[in-house]
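Read off the chains here:
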Amino acid sequence: MAELSKNDEREATPNVSEVDVVDAHSETEAVAAVEAPVDRGEPILQIRGLKKHFPLTQGILFKRQVGAVKAVDGVSFDLYQGETLGIVGESGCGKSTVAKLLMNLEQATAGEIFYKGQDITRLSGRALKAVRRNIQMVFQDPYTSLNPRMTVGDIIGEPFDIHPEVAPKGDRRRKVQELLDVVGLNPEYVNRYPHQFSGGQRQRIGIARGLALNPEVIICDEPVSALDVSVQAQVINLMEKLQDEFDLSYIFIAHDLSIVRHISDRVGVMYLGKVVEIGSDEQIYDHPTHPYTQALLSAVPQPDPEAREHRERIILTGDVPSPANPPSGCSFRTRCWKAEARCAEETPLLAVPQRFQGGDTPANHESACHFAEEKDVVHAA
Amino acid sequence: MTIIEDTAPVPAPGGSGDAPLLEVRDLHVEFHTREGVVKAVNGVNYNVHAGETLAVLGESGSGKSVTAQAIMGILDMPPARIPQGEILFRGQDMLKMSAEERRKIRGRKIAMIFQDALSSLNPVLSVGYQLGEMFRVHQGLSKKEAKAKAVELMDRVKIPAAAARVDDFPHQFSGGMRQRIMIAMALALEPDLIIADEPTTALDVTVQAQVMDLLAELQREYNMGLILITHDLGVVADVADKIAVMYAGRIVERAPVHELYKRPAHPYTRGLLDSIPRLDQKGQELYAIKGLPPNLLRIPSGCAFNPRCPKAQDVCRTDVPPLYEVTEPDGTPLAGRNSACHFWKETIHG
Amino acid sequence: MPELTTKTADDPVVATAVNAPAAKPEKTRSMWGDAWQDLRGNWVFVVSAVLIVLLIVMAAFPGLFTNADPNDKDLTHYLQHPNYGHFFSADWLGYDGQGRSVYARAIHGTRASLLVGAGTTLVVTLFGGLIGMLSGYFGGWLDAVLSRVTDMFFGIPFLLGAMVMLNSFTDRTIWVVIGALAFLGWTQTARVMRGSVITIKQADYVQAAKALGAGTSRILFRHVLPNAVAPVIVVATISLGVYIGAEATLSFLGLGLNGVSWGNDISDGGNQIRVAQYIMLYPSIMLSITVLAFIMLGEAVRNALDPKMR
Numbered sequence: 001m002a003e004l005s006k007n008d009e010r011e012a013t014p015n016v017s018e019v020d021v022v023d024a025h026s027e028t029e030a031v032a033a034v035e036a037p038v039d040r041g042e043p044i045l046q047i048r049g050l051k052k053h054f055p056l057t058q059g060i061l062f063k064r065q066v067g068a069v070k071a072v073d074g075v076s077f078d079l080y081q082g083e084t085l086g087i088v089g090e091s092g093c094g095k096s097t098v099a100k101l102l103m104n105l106e107q108a109t110a111g112e113i114f115y116k117g118q119d120i121t122r123l124s125g126r127a128l129k130a131v132r133r134n135i136q137m138v139f140q141d142p143y144t145s146l147n148p149r150m151t152v153g154d155i156i157g158e159p160f161d162i163h164p165e166v167a168p169k170g171d172r173r174r175k176v177q178e179l180l181d182v183v184g185l186n187p188e189y190v191n192r193y194p195h196q197f198s199g200g201q202r203q204r205i206g207i208a209r210g211l212a213l214n215p216e217v218i219i220c221d222e223p224v225s226a227l228d229v230s231v232q233a234q235v236i237n238l239m240e241k242l243q244d245e246f247d248l249s250y251i252f253i254a255h256d257l258s259i260v261r262h263i264s265d266r267v268g269v270m271y272l273g274k275v276v277e278i279g280s281d282e283q284i285y286d287h288p289t290h291p292y293t294q295a296l297l298s299a300v301p302q303p304d305p306e307a308r309e310h311r312e313r314i315i316l317t318g319d320v321p322s323p324a325n326p327p328s329g330c331s332f333r334t335r336c337w338k339a340e341a342r343c344a345e346e347t348p349l350l351a352v353p354q355r356f357q358g359g360d361t362p363a364n365h366e367s368a369c370h371f372a373e374e375k376d377v378v379h380a381a
Numbered sequence: 001m002t003i004i005e006d007t008a009p010v011p012a013p014g015g016s017g018d019a020p021l022l023e024v025r026d027l028h029v030e031f032h033t034r035e036g037v038v039k040a041v042n043g044v045n046y047n048v049h050a051g052e053t054l055a056v057l058g059e060s061g062s063g064k065s066v067t068a069q070a071i072m073g074i075l076d077m078p079p080a081r082i083p084q085g086e087i088l089f090r091g092q093d094m095l096k097m098s099a100e101e102r103r104k105i106r107g108r109k110i111a112m113i114f115q116d117a118l119s120s121l122n123p124v125l126s127v128g129y130q131l132g133e134m135f136r137v138h139q140g141l142s143k144k145e146a147k148a149k150a151v152e153l154m155d156r157v158k159i160p161a162a163a164a165r166v167d168d169f170p171h172q173f174s175g176g177m178r179q180r181i182m183i184a185m186a187l188a189l190e191p192d193l194i195i196a197d198e199p200t201t202a203l204d205v206t207v208q209a210q211v212m213d214l215l216a217e218l219q220r221e222y223n224m225g226l227i228l229i230t231h232d233l234g235v236v237a238d239v240a241d242k243i244a245v246m247y248a249g250r251i252v253e254r255a256p257v258h259e260l261y262k263r264p265a266h267p268y269t270r271g272l273l274d275s276i277p278r279l280d281q282k283g284q285e286l287y288a289i290k291g292l293p294p295n296l297l298r299i300p301s302g303c304a305f306n307p308r309c310p311k312a313q314d315v316c317r318t319d320v321p322p323l324y325e326v327t328e329p330d331g332t333p334l335a336g337r338n339s340a341c342h343f344w345k346e347t348i349h350g
Numbered sequence: 001m002p003e004l005t006t007k008t009a010d011d012p013v014v015a016t017a018v019n020a021p022a023a024k025p026e027k028t029r030s031m032w033g034d035a036w037q038d039l040r041g042n043w044v045f046v047v048s049a050v051l052i053v054l055l056i057v058m059a060a061f062p063g064l065f066t067n068a069d070p071n072d073k074d075l076t077h078y079l080q081h082p083n084y085g086h087f088f089s090a091d092w093l094g095y096d097g098q099g100r101s102v103y104a105r106a107i108h109g110t111r112a113s114l115l116v117g118a119g120t121t122l123v124v125t126l127f128g129g130l131i132g133m134l135s136g137y138f139g140g141w142l143d144a145v146l147s148r149v150t151d152m153f154f155g156i157p158f159l160l161g162a163m164v165m166l167n168s169f170t171d172r173t174i175w176v177v178i179g180a181l182a183f184l185g186w187t188q189t190a191r192v193m194r195g196s197v198i199t200i201k202q203a204d205y206v207q208a209a210k211a212l213g214a215g216t217s218r219i220l221f222r223h224v225l226p227n228a229v230a231p232v233i234v235v236a237t238i239s240l241g242v243y244i245g246a247e248a249t250l251s252f253l254g255l256g257l258n259g260v261s262w263g264n265d266i267s268d269g270g271n272q273i274r275v276a277q278y279i280m281l282y283p284s285i286m287l288s289i290t291v292l293a294f295i296m297l298g299e300a301v302r303n304a305l306d307p308k309m310r
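So the sequences go chain by chain: A, B and C.
In this text, residue positions in the first sequence follow full-length UniProt numbering: the first is 1, and each later residue adds one.
In this text, residue positions in the second sequence follow full-length UniProt numbering: the first is 1, and each later residue adds one.
In this text, residue positions in the third sequence follow full-length UniProt numbering: the first is 1, and each later residue adds one.
A portion of the hints provided could be inaccurate.
[As the list claims (entries may be wrong)] With a straight-line cut-off of 27 Å between C-alpha atoms, the simulated DSSO-like cross-links for lysine-lysine are: (1) 149(B) <-> 104(B); (2) 262(B) <-> 345(B); (3) 282(B) <-> 241(A); (4) 290(B) <-> 311(B); (5) 158(B) <-> 338(A); (6) 311(B) <-> 241(A); (7) 175(A) <-> 290(B); (8) 282(B) <-> 375(A); (9) 262(B) <-> 311(B); (10) 51(A) <-> 129(A); (11) 143(B) <-> 109(B); (12) 241(A) <-> 290(B).
Derived by calculation from the structure, the hints in this document are not laboratory data.
Turn these sequences into a full structure, and let the hints steer you where they fit.
Right, dumping it as structure tokens:
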């Protein structure tokens, strides 16, 4: 545990002992740990007590902190090798900040992200570079995530410039063309510029860039929400195909609950910086126990006009509270129809509710509600 | 097989048998750009009755929004041009009216709700002032009366503590609340027709449901016609009475909402329905419509959908399909159903 | 449609590739390529570019246009009026109060003006651009300090500051004038660059490069700079004309270059404006055309680089 004790000023996390920390004294060992394969079904990413608070400051030259936006406020989950974990939630729930933290694009305020047992929030140098190579990202907006001044060949080849050990120089052009072929684009397009492509094709280019370094984990932040309906299906199918082909693990962040169900093995629901419910796709969609999940699912318009008379709609009142000033106790209580005094005093923990523990029921999954109960809102009565 | 110019109106709640409120006939809109003429709308026909909701469904570039802008008279001309077509509001062609006459209809008789509420509201004026402006300008009310009316409207669209918030500025409201204010503004003069262009696309799911509910409720109350422009098959299924599906500036299918989802009569509609994942079951691999939406500078000859259509034959590459009247296999006409597919019979019955 | 891949045609993915918006493979154009296409068809650009090329040739090879020496004083020609029939000869546009050929001086003055304009623009763009880039990209205290320094310089009235500085030099060579103008002129470029960099550094493709593990220099020079530079180039082109005008103004006030320069000639001509208007007229026309040409070029480039103007 030599690595961990170096940073004592950080908040201690209760779950640390659960994680199998590899004893890595040197950078070389950390690199070796990161490069080692993980068996299918074993955790590849473990997130523990992750927090990101953005300070709110006043003053121009002499800034003083007047508060904090708690964008991510204590998130813990695992990603298993070969699976797709969907993360859903409304805007401002912190799901995109989680993606940035996982990519090391933002510094966590507290908490750990273990990649194969190595806490990547504390790695640097060669070990961090090795992690970066193995965790890649696909961005939401294919119109802004590609540099307009670079050719497609340069965009997809850039990962090799940064990590030259992956592909020898003479081999790069061929590799880039292979990648274009893999994502279903004509390999002769290497000299074109992004603006010559449509949204769906650009997203394929973004995916090719993400695949270039042969990563093990890909974080997808709303990868299809900017695309037309008829093109969304093409990209989703491509991503599923690539997952099988390259044995990838996905974290799939989206607000479209139908797409998340389609692609995910497990789903986590976020609200105001916290995961409120997590489980398999069937557990979450067909047997949700958290009232927020139930409201969210019931609000999704379904492409079935017959269902509109039969389906029960839970229409929430009000808006999501500001993450700068979240409610005490359960953060959903201000919009919840079940809220009681207890909800304001006691923060519900993300755990399997006591009444469902050990039971052979799909409700036996983690849900952060004092009054968790099963309710199917998706299927028409 | 009968080819028709325009369909008989679909019997609609509250509007059955009457003349339509709005009728678009053979509308063409083109844009003159450096690269050439972009044919955004190529002969669109549709109509709406009072109390009826018409959903215009299409992807980006299908011409659904341009048609709406042409109806509102808010297209920038140039570069836009309307070479052909009629837009009849209560039987009168708005394209032949003077600018002054059209201005009187806009806002008073036909109002529009946009996707982006924040950029549609003036950031330096309070929402109360902006709502009251409608009454001051159109009805000559005093400042005080106008403000009272604004509060009343905000109550109408269920903005909590309306009286206290009437002097707030747009940025002080959340996205859902701002969209309510936009709806309030559209409703201010009790128009006959509302055109809502992707009104909930920018909103979160739970807020989306609130806003759509509100819109449907107010429509019933005022017996307004509603044209809902959207790409979301879920939203359409929730609120529409009838649907017009657009592709490359044309209507490819028209149908009452239940019929369309049950038995699509155009391969594009069928493809769209098959390509969206379901919330209530875990599907297999999604059906994907191959290829890309067409470039409007070079719309494919014949049926614009033919390069992406799994059933395309030679005739599809040469002949533009008219809007056929769709019937049962025995020839019984299906009210309000049309399909612009040479092989609609095979598509709907096969 | 040419067969572009070897896959079977019913593969949806192949269809995607074949239906690409620009199906002609030779049509590989960057944003600059697009801008160039736009510029070629723009008469404002064509006219200004032709003028500028002509002026550059004039500055580099004045001997191509006149054989007369601009400093050759011959009092026998004292205030000799133009002889408009003698195209391109020394007496074409007449002689000034010291018996020097106005035509030769108008041609030879080009070099000084263009050198001052181009030199100042180069220094200003490099220095101001660097300050703006550092300030915009790194932000924080560095930005706070650099921005305040920029504001301080911005507060100095441009011409007054230049006059005060040049007044302390007796030997005002081209380099001294460039130095003085650049010292006071870099702030606008720095501000434009800073704003542009701040916008670009938040772009997703910069985030994407960071996510790949790219270093600061790669991000700056490969992603931020190429995208942030367009507005700076527009400012540079327009201000090139402005600096030429400023040099002339300073020379007119007796604080500009020592030697042949339009500003000096305009100043001299001003003394004889009642008897010989032509002495002032021709350098003024040259100056106006030059300044106008660069400002027109700047406008044309701005429109070509801004997709919203299309």
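Hints, verified against the model:
1. 149(B) <-> 104(B): holds (20 Å)
2. 262(B) <-> 345(B): holds (15 Å)
3. 282(B) <-> 241(A): holds (17 Å)
4. 290(B) <-> 311(B): holds (12 Å)
5. 158(B) <-> 338(A): holds (22 Å)
6. 311(B) <-> 241(A): With a Cα-Cα distance of about 25 Å, the restraint between residue 311(B) and residue 241(A) holds, given a limit of 27 Å.
7. 175(A) <-> 290(B): holds (26 Å)
8. 282(B) <-> 375(A): Answer holds: residue 282(B) to residue 375(A) is near 18 Å, not above 27 Å.
9. 262(B) <-> 311(B): holds (20 Å)
10. 51(A) <-> 129(A): holds (23 Å)
11. 143(B) <-> 109(B): The hint holds at about 23 Å.
12. 241(A) <-> 290(B): holds (16 Å)
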